[in-house]
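Undergrad: Sequence:
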Amino acid sequence: MKIDKQILEKYFKGDCTAEEAALIATFLEQPDAPGVDEWFSEVYALSEAKEPVILKRTGINIYRRLYSIAAAVAVLVGVCAWLWQSQQRTAGKAQLALNWDTLANKGNDIKLLSLTDGSKVWLGPHSSLAYTRNYNDTSRELSLDGEAYFEVAHDPARPFSVRTGKLITTALGTAFNIATASQADGSIQVSLVEGKVSVTATAFSCILHPGQMVRYGEGIGTTQPETFKKEEVLDWKSGKLVFDGTPLKDAFAKLQARLGSRIIMDNTLTGTQKVSGVFSAGESLEHILEAMQYVHGFKIVKKNHNTYEITKSN
1 MKIDKQILEK YFKGDCTAEE AALIATFLEQ PDAPGVDEWF SEVYALSEAK EPVILKRTGI
61 NIYRRLYSIA AAVAVLVGVC AWLWQSQQRT AGKAQLALNW DTLANKGNDI KLLSLTDGSK
121 VWLGPHSSLA YTRNYNDTSR ELSLDGEAYF EVAHDPARPF SVRTGKLITT ALGTAFNIAT
181 ASQADGSIQV SLVEGKVSVT ATAFSCILHP GQMVRYGEGI GTTQPETFKK EEVLDWKSGK
241 LVFDGTPLKD AFAKLQARLG SRIIMDNTLT GTQKVSGVFS AGESLEHILE AMQYVHGFKI
301 VKKNHNTYEI TKSN
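Just so you know, we're using the working numbering here: the sequence shown kicks off at 1 and counts up by one.
What the hints contain is simulated information worked out from the structure, not anything from laboratory work.
Do not rely on the hints blindly, as some may be mistaken.
Listed next, with one range per pair, are the computed distances between beta-carbon atoms [to be verified]:
{"hint": "1", "residue 1": "R262", "residue 2": "A291", "range": "12 to 20 Å"}
{"hint": "2", "residue 1": "G239", "residue 2": "A130", "range": "43 to 51 Å"}
{"hint": "3", "residue 1": "G107", "residue 2": "K303", "range": "19 to 27 Å"}
{"hint": "4", "residue 1": "K274", "residue 2": "I7", "range": "41 to 49 Å"}
For each residue, glycine too, the CB sits at the ideal point set by N, CA and C.
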């Protein structure tokens, strides 16, 4: 089964019809959907290509005045068009805010959400999930800040997409995890457990298969798909904090995200040390830090009830 590349492009931009979406859904469910990887490669290549625009100098001096007038008019028209587009974008953002509702989990426990389409979301501690008010009418769009695990109800006509910053994860019937604050470099981590998802950002697109993950961040760009340790990525669902050879700085970032705390890591610590261990999510941050301190010998300074500074031991 082959699919027109224009329909693929429309699908991942969210511009396709219900019939086209159903067709793409059937197509992507194939173990190795022919042509998809090639299409993503072409999109990436086109976005990377920056061919310089060469303006040819033509004309005689007698026409320069006419060119100047024409250029001035063009600039005026361009400014007017820009102002109009800016107003439209502002109005669009205001309208977008009015059309979204947000569910927030401000505690340390997990919230299980059942969506109207039958999908389930495990919303992690100190995380929030926004959804469109017309969710499941023609599409299924969500926006995540924090960490969540999704079990998506199968519906080929209504693609399921989750926005995390500039990254968009689109799924059919599948199960995946997204974390936006568990890495020290601030990267977003998408991990696929079942099914198939597409992950897109500026100048990047890829399809993940079960057992693969990808990371994206403003400073690091996007990594290539790689395998992940399920017990470490999904530990929070079972009420645990699992570290398996985790860099110290990433362990601190994970603790911050999971426990809603702040950990200040002194520059004297390189963060290259590795942490391994299993903790209960109900344990206090102070107790976990003391256990790590016993192994790595750093100094803990408690700034206030929720802030800790980690420095190199003298």
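Undergrad: Would you mind marking each hint as holding or not holding in the structure?
TA: We went through each hint and held it up to the structure:
no., hint, in the structure
1, R262 x A291: 12 to 20 Å, "19 Å, holds"
2, G239 x A130: 43 to 51 Å, "25 Å, violated"
3, G107 x K303: 19 to 27 Å, "22 Å, holds"
4, K274 x I7: 41 to 49 Å, "47 Å, holds"
Comparing the model with each numbered hint stated earlier shows that hint 2 is the single one that does not hold.
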